[in-house]
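K.L.:
So the chains spell out like this:
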Amino acid sequence: MSEEEIVSVKVLMNAIGYASQQIALVDEEYKNKLNSVNASTVYKVADDYIFVTEINDGKISSYEGSSPLDATVTIEFNDYPTALAAMTGRIDLNAPSEKIKITGDEVKMAELSFILESVKEYIGGMA
Amino acid sequence: MDKDGLQVKIMHYIMMKSIEEIAKIDEDLEEDIAEMKDGSIQWKIGSEIKGYQEFKDGKYSWKTDSEIENPTVTMILEDVAFSKKFFNSEVDATSAYMAGQLKIEGQMKYSMAYGGIADYIGDYLEPMRKK
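First to last, the sequence lines map onto chains L and B.
Converting from the first sequence to my numbering requires adding 807 to each position, the first position being numbered 1.
Converting from the second sequence to my numbering requires adding 93 to each position, the first position being numbered 1.
One or more hints might be untrue.
[Said to hold, decoys possible] Mimicking DSSO-like on lysine-lysine, the simulated pairs with C-alpha atoms at most 27 Å apart in a straight line are:
| # | chain 1 | residue 1 | chain 2 | residue 2 |
| --- | --- | --- | --- | --- |
| 1 | B | 96 | L | 927 |
| 2 | L | 866 | B | 130 |
| 3 | B | 130 | L | 840 |
| 4 | B | 110 | L | 866 |
[To be verified] Among chain B residues calculated to face chain L with C-beta under 10 Å, some are:
| # | residue |
| --- | --- |
| 5 | 98 |
| 6 | 110 |
| 7 | 143 |
| 8 | 221 |
To be clear, the hints were calculated from the coordinates, so they are not data collected in a lab.
Built from N, CA and C at the ideal position, the CB exists for glycine as well.
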């Protein structure tokens, strides 16, 4: 684990949070999907870093810090390289892995996948 | 805003956010920020993207979708397509300026000092770009 990987993960997660909000301003289909789901996704990296994305009443927000008690889905990465690989699409988040643990509402998680897929279209060139 | 514009907006966010995160972990950058004279850099990209970075009392802060009063330097990138290359590090600031694609208004010396701060970003975001 390098300092560069730590920075990259934190910047990328925040960028995904920002992008998630910005896409809603220009993409009606994406905005409609946000309106149809209320959920929170917690990303934990190496027991060191927590990033949360919440959708409530069609609005998406994100923050670092502590996870809400009632997280809809929690995705835990063993380490920063794994988190980076997953968030950049180099490994499939849903593929079985000893380094990624996903708990929570699987149905909701499938409903939320559109967010990361949409964001990747915009961040894809950078990561 | 079209897809290209939104992509550039996000890249701009990444640039400004990166300095904040790197400074938490890199003592050299933290020192360089502490030594920057008080001042601000306003970014204007295309017709819709704006944001600023501020160095004040040895600290760094930034804000998207905003304009600051009396910026020390204003960086203007009119062409969104070119801006993508710029924020993706495909072209450096000096080349962009010489080609007339990056316009700089205000204190040139301050923009050059800021360039030293921005230099940290490339290496730290390399893992994000590595295929």
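K.L.:
Look at each hint and say if it fits the structure.
P.N.:
For each hint, the structure was consulted:
{"no.": "1", "hint": "B:96 with L:927", "result": "holds (12 Å)"}
{"no.": "2", "hint": "L:866 with B:130", "result": "violated (39 Å)"}
{"no.": "3", "hint": "B:130 with L:840", "result": "violated (46 Å)"}
{"no.": "4", "hint": "B:110 with L:866", "result": "holds (22 Å)"}
{"no.": "5", "hint": "98", "result": "holds (9 Å)"}
{"no.": "6", "hint": "110", "result": "holds (5 Å)"}
{"no.": "7", "hint": "143", "result": "violated (14 Å)"}
{"no.": "8", "hint": "221", "result": "holds (4 Å)"}
Hints 2, 3 and 7, counting from the list given before, are not met by this structure.
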